[in-house]
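We have chain L already, so just place chain P on it with the hints.
2 protein chains.
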Amino acid sequence: MRAVDIIEKKRDGKTLTRDEIRFIVQGYTAGEVADYQVSALLMAIFLRGMTDAEAIALTEEMLYSGEVIDLSDLDRPRVDKHSTGGVGDKTSLVIAPVVAAAGVIVPMISGRALAHSGGTLDKLESIPGFRTNLSLTEFRSMLERIGVALIGQTAEIAPADRKLYALRDVTATVPCRPLMAASIMSKKMAEGITGLVLDVKVGNGAFMKSEDEARKLAELMIQVARGLGKDCVALLTDMSQPLGSRVGNALEVIEAFEALRGNGPEDFITLCRELSAEMLVLGRAATNIDEGRARYDELIASGAALEKMREIIVAQSGEPRTLDDYSLLPTARHQRVVKARRKGYVQAIDTEAIGRASMLLGAGRLRLDSKIDPGVGLTIAARIGDEVDENTPLATLHYNSAVLMDEAAALTLQAYQIGGERVEAPPLIKAALR
Amino acid sequence: MRAVDIIEKKRDGKTLTRDEIRFIVQGYTAGEVADYQVSALLMAIFLRGMTDAEAIALTEEMLYSGEVIDLSDLDRPRVDKHSTGGVGDKTSLVIAPVVAAAGVIVPMISGRALAHSGGTLDKLESIPGFRTNLSLTEFRSMLERIGVALIGQTAEIAPADRKLYALRDVTATVPCRPLMAASIMSKKMAEGITGLVLDVKVGNGAFMKSEDEARKLAELMIQVARGLGKDCVALLTDMSQPLGSRVGNALEVIEAFEALRGNGPEDFITLCRELSAEMLVLGRAATNIDEGRARYDELIASGAALEKMREIIVAQSGEPRTLDDYSLLPTARHQRVVKARRKGYVQAIDTEAIGRASMLLGAGRLRLDSKIDPGVGLTIAARIGDEVDENTPLATLHYNSAVLMDEAAALTLQAYQIGGERVEAPPLIKAALR
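Chains as they are written, first to last, in the numbering used here: chain L, 15 to 448; chain P, 15 to 448.
Isolated chain L, as found in the complex (with noise of 0.2 Å):
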C-alpha cells in the first residue's frame, strides 16, 4: 500500500477502506507516513468529503493509536459531555459534579481555550492548587473513589489526534466535518464511557454557524458513537450569545459555584439541567427527561451536587474554601464599563468578538503556547432583545494590563448591535437528537 495512492483515490472523490485508513493513521502516528502526504490527503477529505463508514473507521483507528481506557469493572454506566465549544461555556463545571451526585460515574477528559473559546482545563486551573494532569492511574483512582474526575488529555490517549489536529491546525483543514467528528469521538471514546451527551452549539459564537451544519455535525457524531457501541444523544443549542453572564476563567468558576447553589442566569442554568437530565437518562439514574430534570433540581436543592464539587477539588489538590470565599479566586485588578451609545434594542451580539475581547484581555489563547489570565474577562449586563439606553451597560471588561484594553473595549461595543425594532431572543434549545 503507498500513501500517494490512497491520496489519489480520495483525490477523486472515491471511498476508503478501512484498511487503507488504517494504513494513514498508523503510519503517521509512527512517522512512516509523511506529513505532507498526510495534510494533502486532509485538504482531499475537506474538499470531497467523507461516508459516515469512512469517519466511523477513522474514528476508530484514531482511537486505538492510543490508549483505551476500560473502566467496564465499575460495573456502572459512565457518561460524559462533550461540547463543540463557545464563548462562556462553563456547563462542566456544574454537570459533572450534579452526575456523579446521582452516582454516574463521570470520566471527563477536557480540552483547553484556544481562540475565541475557552476551555475547562483553564477554568478549573484558577482554582489555586486545581491539577489537572493527573495520570491515568491517578484519573481511575478518582473515579472509583468519588465517581467523577475532570483533567486534560494524556499523551496515552489517541495521539493520532494530536498529530492530526497539530496538521490540520496549520492547513486550513480544521473546519471539517468528519475530521471534527472524528477527532471529538476518538477521545471520548478512549474515555472508557458507557454514553457520551453531546452539546452542540449553533451561531455566531460557534464553529457551526448554522443549524443545519450543527445538525449535520451531530448526526455523524451520534453514528459514529453508536458504529462504536455508545449510547449517545446530542442537543443543539444556541450560541449567537454568550452563555451565562460571565466570560473568562475565574468569573466563570465563580458562576458555576453559584448554579451549583441553585443561583444564576436562567439560559445557564436550564441549559446544565438539560444536559444533566441527559446525561442522567443515559446513566440510568433516571428514567426518562421529566425525572432526569426533577434529579438535577433535587441534588442542587439538598447540597448533594455542591458537596461533590468540594470532593473534586480536594481529590485534584485545589483550595476547597474558594467554593464559598471567592475572594480566594483570582481576580482583575481593573473594571471598565462598555456602554451602549444609542436607544434601542439589542437586535444581535456578534459573541466571537466577545470570545476574541475576552481573548485580548488574557482569558483565552491566541496560541496553543500563549498564557492564560485567570482573574480577567467580561460580564455580560445586556443580552439579546433588551432595551437599552445611550449609557446602559452592555458589559464590564476585567483586565489586569492597559495594553490591548482599548482594542478589546473597541471590539465588545462593535459586538453588539442596537436597533429600533423589538426582538425576541432566540431559544436556547434547538432541537433534541437521540
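There could be a bad hint or two in this list.
If several chains are the same, the list does not tell them apart, and a pair holds so long as it fits within one copy or across any two.
[Stated by the list, open to error] Simulated crosslink set (DSS-like; lysine-lysine; CA at most 27 Å straight-line):
1) K28 x K230
2) K223 x K23
3) K444 x K385
4) K23 x K230
5) K177 x K230
6) K177 x K23
7) K353 x K28
8) K353 x K23
9) K177 x K385
10) K230 x K444
11) K444 x K177
12) K444 x K223
13) K177 x K357
14) K353 x K177
15) K353 x K230
Please keep in mind that the hints were generated in silico from the structure rather than gathered at the bench. These numbers were taken from a predicted model, which means no experiment stands behind them.
Below, chain P without anything else, positioned relative to chain L:
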C-alpha cells in the same frame, strides 16, 4: 502574510494574488513555508483550479526562483520545442540539429525518463561519452559556437519547480493543468528563448488522455508564454500508439540518426518536419509553414542537419563515429518476438503499457534513482489498422536480463487489441494552435 490563510483562500475557491503566490513560492524555496502547507495548497489548487492570471503569476515566480539565462546578446531568434511526453518520442534529436542548421539558436534543456515515458537526456547518454550535465557557462559557449546545445536541468534553473515537482509526485497532485503548465513553462522560460513550440501529446500513452484536456493545457501554456512576452505555438499530436518503430534509448538514437538521413517511419518523419517547420517560422528562418517544411527537407537532403548533429556530439564529448556505425551504440544481448494470437486488425494499442514494458526491460525508470539500461527496449512491428494473422510479429523485445521479461512480454501482448473490424489509424496532427 500567513501560509494557512492562503491555503484557506484557495480551499474556498478564491483567486490568489501575485503577492500571495510569491509568498508561497519564495517561502517554500527558502525553506520558510513548510512542505506540509504547500502540499495542502497543491491539493486545493488541484481540486479548485487556478485562473490564467494565477497560472502566469505562479510560472513567473517559479521562473525567478532561479537563474534566468540571458542570451539577448546573441542577437538571433532562439527557439526551443517542448513535448509533454510519450512513448518513442525522439523528435528532439532530429529537430534540434535541423533547426540549428537553419541558423536558429536552439537552447534545449531536456528531462529524463520517468514512469512509462522516455527522456531525451537518457537517449543522448546512450551515445558513448555524451555529456548532458554541462554547466550554464558551457551551455552558453556551445550556443555561441554551434548554435545548439542539449543539456539537462541544472540546479540554477527554477529550483522552486524541482522542490514542487518532488512534492507533487508524492501527493497525487501531478496531473493538474495550472501546475503542469507552470512547471513546464518556468523551466522553458529560463532558457533565454524568444519562442517555443509545444508538442502536446494526446492519447492513451500521453498524460492528457483526451483532446479536450490537451487543448486546454496547450491554450494555458500559450497564454503563460505570451504573458511572459514569448512567441508560442502548439501542435496537438497523437499518442495513441508509440511514435515511430523504436522504443528505448540506443534504439531511438538509431531511429533519430536514420531520420537525419531522411529514412524512417512516416509518422515520426512527419512529426519532425511539422515541429521543425513551426520552429523555423518562430525563428524567422521561414516565412510560413510550407516554407518551413521545404527548408526541413533541404537540410536533411543536403546532409546539413546530420553534420550539425555531429557537431553536437563532438561538442558534448560523445563518440561521433556512432553516427555512421550504429554497432558502436549499446545493444541488448537477447531478442524475443511477441506474436499475435488471432487474426484481425489492430484496433488499438495500450501505449502506456508499451511504455511500461520498455521500463520493465530497463529502458525507463520506476523511480527517479533507478538505473537505465541503454541497449534495451522494443521495436514495434504492427500499428493501428494493420492486418495481422496468428503469429504475425507485433513487437520485438530487446533485453539483457530475463527477470521481468515475461511480464514485459505479457504486457506487450495485452497492449494489442485485435478485432475483426477494419480501422483507420488516427491522424498524427490533431490541431495546430497558433
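Hints, one by one, checked against the model:
1. Taking CA atoms no more than 27 Å apart as the test, K28 paired with K230 passes in both settings, with 21 Å inside one copy and 25 Å between copies.
2. With identical chains, the CA atoms of K223 and K23 are at most 27 Å apart between copies only, with a shortest distance of 18 Å across copies and 30 Å within one.
3. Taking the shortest alpha-carbon separations for K444 and K385, neither the intra-copy value of 35 Å nor the inter-copy value of 65 Å comes in at or below 27 Å.
4. For a Cα distance limit of 27 Å, the shortest separation of K23 from K230 qualifies both inside one copy, at 24 Å, and across copies, at 24 Å.
5. Taking identical chains as interchangeable, the C-alpha atoms of K177 and K230 lie at most 27 Å apart only when both belong to the same chain, with a minimum of 25 Å there against 39 Å between chains.
6. In this assembly of identical chains, K177 and K23 lie within 27 Å of each other by CA distance both inside one copy and across copies; the values are 23 Å within and 23 Å between.
7. For the identical chains of this complex, K353 and K28 are neighbours neither inside a copy (54 Å) nor across copies (38 Å), given an alpha-carbon limit of 27 Å.
8. Taking the closest pair of Cα atoms, K353 and K23 never come within 27 Å of each other, the shortest separation being 56 Å inside a single copy and 36 Å across copies.
9. With identical chains, the CA atoms of K177 and K385 are at most 27 Å apart within one copy only, with a shortest distance of 22 Å there and 37 Å across copies.
10. Only within a single protomer do K230 and K444 lie at most 27 Å apart by alpha-carbon distance; the minimum there is 14 Å, versus 49 Å between protomers.
11. Taking CA atoms no more than 27 Å apart as the test, K444 paired with K177 passes in neither setting, with 34 Å inside one copy and 50 Å between copies.
12. In the homo-oligomer, the alpha carbons of K444 and K223 lie at most 27 Å apart inside one protomer (13 Å), although the nearest pairing across protomers, at 51 Å, exceeds that limit.
13. With identical chains, the CA atoms of K177 and K357 are never at most 27 Å apart, being 50 Å at best within one copy and 60 Å at best between copies.
14. Proximity of K353 and K177 under a CA criterion of 27 Å is satisfied in neither setting, with 44 Å inside one chain copy and 55 Å between copies.
15. For the identical chains of this complex, K353 and K230 are neighbours neither inside a copy (38 Å) nor across copies (59 Å), given an alpha-carbon limit of 27 Å.
Consistency note: the structure conflicts with the earlier hints numbered 3, 7, 8, 11, 13, 14, 15.
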